[in-house]
Amino acid sequence: MYRGLIFSALQINETDIVNKVKFRGFDFNDNLEARMASYARYFVFDLRRYDEIKTNSNGDFSSHMIMQNKYQRMLSIWKEYEYMVRYHLSKEQI
747 MYRGLIFSAL QINETDIVNK VKFRGFDFND NLEARMASYA RYFVFDLRRY
797 DEIKTNSNGD FSSHMIMQNK YQRMLSIWKE YEYMVRYHLS KEQI
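Under our numbering, read the sequence shown as residues 747 to 840, first letter to last.
Keep in mind the hints are simulated off the structure, nothing from the lab.
Every residue gets a Cβ at the ideal spot worked out from N, C-alpha and C, and that includes glycine.
Check each hint, because a few of them may be wrong.
[As the list claims (entries may be wrong)] Below, simulated EDC-like cross-link-like pairs (lysine to aspartate or glutamate); rule was C-alpha separation at most 16 Å, straight line:
no. : residue 1 : residue 2
1   : K816      : D776
2   : K768      : D792
3   : K837      : E760
[As the list claims (entries may be wrong)] Per label pair, the in silico range of CB-to-CB distance:
no. : residue 1 : residue 2 : range
4   : D762      : D792      : 17 to 23 Å
5   : Y785      : K837      : 29 to 35 Å
6   : D806      : V831      : 19 to 25 Å
7   : N775      : M830      : 16 to 22 Å
8   : D797      : K766      : 31 to 37 Å
9   : N775      : F753      : 18 to 24 Å
10  : S784      : S836      : 30 to 36 Å
11  : N759      : D797      : 27 to 33 Å
12  : E760      : R794      : 25 to 31 Å
13  : R794      : F753      : 14 to 20 Å
14  : N804      : N777      : 17 to 23 Å
15  : F791      : K837      : 26 to 32 Å
Please build the complete structure, drawing on both the sequences and the hints.
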């Protein structure tokens, strides 16, 4: 999901939109979110996947607030878009 948001924002090329889609990470003070953050960091940093997420994040994937519910809401909207549209979203869709 974030990959599509980042690619779409970069195509629009407006700083405020690009900043809005930065991956915030997860809350390390929450047990479940800490595990999710560890997995995300492993996937992006150790496996070297999705470099665009690494460069469009806060760097440590620590949001300092619970994010899972927000990500679930975002994902439910994301799934409504057809696959090919997901990487070419408009400013309003982002």
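Checked hints:
1. K816 with D776: Cα-Cα ~15 Å, so holds.
2. K768 with D792: 20 Å, violated
3. K837 with E760: 9 Å, holds
4. D762 with D792: 17 to 23 Å: The hinted range 17 to 23 Å is violated for D762 and D792, with Cβ atoms some 32 Å apart.
5. Y785 with K837: 29 to 35 Å: 31 Å, holds
6. D806 with V831: 19 to 25 Å: 32 Å, violated
7. N775 with M830: 16 to 22 Å: Since the Cβ atoms of N775 and M830 sit about 39 Å apart, the hinted range of 16 to 22 Å is violated.
8. D797 with K766: 31 to 37 Å: 19 Å, violated
9. N775 with F753: 18 to 24 Å: Violated, since N775 and F753 (Cβ atoms, about 31 Å apart) do not stay within the stated range.
10. S784 with S836: 30 to 36 Å: Roughly 34 Å apart at Cβ, these two residues keep to the hinted range, so it holds.
11. N759 with D797: 27 to 33 Å: 19 Å, violated
12. E760 with R794: 25 to 31 Å: 28 Å, holds
13. R794 with F753: 14 to 20 Å: At roughly 18 Å between Cβ atoms, F753 and R794 fall inside 14 to 20 Å, so the hint holds.
14. N804 with N777: 17 to 23 Å: With Cβ atoms ~21 Å apart, the hint holds.
15. F791 with K837: 26 to 32 Å: 30 Å, holds
The structure fails hints 2, 4, 6, 7, 8, 9 and 11 (numbered hints given earlier, in ascending order).
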